[in-house]
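> Make a model of the complete structure from these sequences and hints.
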Amino acid sequence: EAGVTQSPTHLIKTRGQQVTLRCSPISGHTSVYWYQQALGLGLQFLLWYDEGEERNRGNFPPRFSGRQFPNYSSELNVNALELEDSALYLCASSLYNEQFFGPGTRLTVL
Amino acid sequence: SQQGEEDPQALSIQEGENATMNCSYKTSINNLQWYRQNSGRGLVHLILIRSNEREKHSGRLRVTLDTSKKSSSLLITASRAADTASYFCATGDREYGNKLVFGAGTILRVKS
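First to last, the sequence lines map onto chains A and B. Read in order, the letters of the first sequence correspond to residues 459 to 568 in the working numbering. Read in order, the letters of the second sequence correspond to residues 9 to 120 in the working numbering.
Hints listed in this document are in silico derivations from the structure and should not be mistaken for laboratory results. Source: prediction; values computed, not measured. Some hints here could point you the wrong way.
[What the hints assert, rightly or not] To spell it out: a stretch of chain A is covered by chain B in this simulated footprint if at least three of its residues, at any positions, have a beta carbon under 8 Å from a beta carbon of chain B; those stretches are:
{"id": "1", "segment": "489-500"}
{"id": "2", "segment": "541-555"}
{"id": "3", "segment": "559-568"}
[To be verified] Away from chain A, derived, C-beta distances all over 12 Å, residues of chain B:
{"id": "4", "residue": "ILE21"}
{"id": "5", "residue": "GLN22"}
{"id": "6", "residue": "GLU23"}
{"id": "7", "residue": "ASN26"}
{"id": "8", "residue": "THR28"}
{"id": "9", "residue": "SER32"}
{"id": "10", "residue": "THR35"}
{"id": "11", "residue": "ARG49"}
{"id": "12", "residue": "ASP74"}
{"id": "13", "residue": "SER81"}
{"id": "14", "residue": "THR85"}
{"id": "15", "residue": "ALA89"}
{"id": "16", "residue": "ASP91"}
{"id": "17", "residue": "THR92"}
{"id": "18", "residue": "ALA112"}
{"id": "19", "residue": "ARG117"}
The C-beta atom is built at its ideal place from N, Cα and C for all residues, glycine as well.
Dropping the structure here:
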């Protein structure tokens, strides 16, 4: 069974640009979660999507947004990139309580 | 903000020894999960223990949960060099929208 996949693996952007990260959940999983792992800040919850709806969001500004598609894949969009957005962005999917993570997208903002 | 704290922050042991990592959290929980992360990549789910469980085993892993003390421990027996990684505990509660709240992690180094 294929795990959670994320693309791209690495990304380099400059301040002010916009970026879109993609996530495909494990087949059969309806929930997708996004987390940010920034140096020194640990793993922080960003967004939770379930059945196409945003169910909860963490303490992040509105320039972090996303969506979930009918096939349960998801996108995370970050507008007006700032230097501190440099981080590993992790996507996870779940059917019940266990969340299974993808390999992450490492975003570097210069 | 971090829900919990792992202890110790870093642990270095010899191959074959046991490694114990502790996690404390602050609020009531529905479950607690342990994850492993190798070299800043994705998280690997190790084990989930529910709030009404006290101990759970999976291979060389043993997890305990003490809800009265709001703490959990992860024991890795007969450690191997491949166990070298960062280990995180994460608490989940449906009241918080199913999000996981992670501790800061323990960096484990197993020397061969």
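> Each of the hints needs a verdict: does it hold here or not?
Consistency of the hints with the structure:
Remark: the segment 489-500 of chain A is confirmed as covered by chain B, as 5 of its residues place a Cβ nearer than 8 Å to a Cβ of that chain, reaching the required three. Counting residues of the segment 541-555 of chain A whose beta-carbon sits less than 8 Å from any beta-carbon of chain B gives 5, enough to reach three: the coverage restraint holds. Figure legend: the segment 559-568 of chain A, annotated as covered by chain B; annotation consistent (5 residues with Cβ-Cβ distances under 8 Å, at least 3 required). Here ILE21 (chain B) stays apart from chain A, with its beta-carbon at least about 24 Å from theirs, past the 12 Å limit.
Non-interface status of GLN22 (chain B) relative to chain A is upheld: no Cβ of that chain comes within 12 Å, the nearest being about 28 Å off. Non-interface status of GLU23 (chain B) relative to chain A is upheld: no Cβ of that chain comes within 12 Å, the nearest being about 27 Å off. The beta carbon of ASN26 (chain B) is kept farther than 12 Å from every beta carbon of chain A, the shortest such distance being approximately 25 Å. Even its closest Cβ contact with chain A, about 21 Å, leaves THR28 (chain B) beyond 12 Å, as expected for a residue assigned away from the interface.
Every Cβ of chain A is farther than 12 Å from the Cβ of SER32 (chain B); the closest lies at roughly 15 Å, confirming the non-interface assignment. The claim that THR35 (chain B) lies off the interface holds: its Cβ sits roughly 14 Å from the closest Cβ of chain A, which is beyond the 12 Å cut-off. Its beta-carbon lying about 5 Å from the closest one in chain A, ARG49 (chain B) breaks the requirement of being farther than 12 Å from that chain. The non-interface label for ASP74 (chain B) is consistent with chain A: the shortest C-beta to C-beta separation is roughly 19 Å, beyond 12 Å.
The Cβ of SER81 (chain B) lies farther than 12 Å from every Cβ of chain A, with a closest approach of about 19 Å, so its non-interface assignment holds. Its beta-carbon lying about 22 Å from the closest one in chain A, THR85 (chain B) satisfies the requirement of being farther than 12 Å from that chain. Even its closest Cβ contact with chain A, about 22 Å, leaves ALA89 (chain B) beyond 12 Å, as expected for a residue assigned away from the interface. Chain A leaves ASP91 (chain B) outside its interface by the beta-carbon criterion, the shortest separation being 18 Å against a cut-off of 12 Å.
No Cβ of chain A approaches the Cβ of THR92 (chain B) within 12 Å, the least distance being about 18 Å, so the stated non-interface status holds. ALA112 (chain B), annotated as away from the interface, has a beta carbon of chain A within 12 Å; the closest lies near 5 Å. No Cβ of chain A approaches the Cβ of ARG117 (chain B) within 12 Å, the least distance being about 19 Å, so the stated non-interface status holds.
Violation of the numbered hints given earlier is confined to hints 11, 18; the remaining hints are satisfied by the structure.
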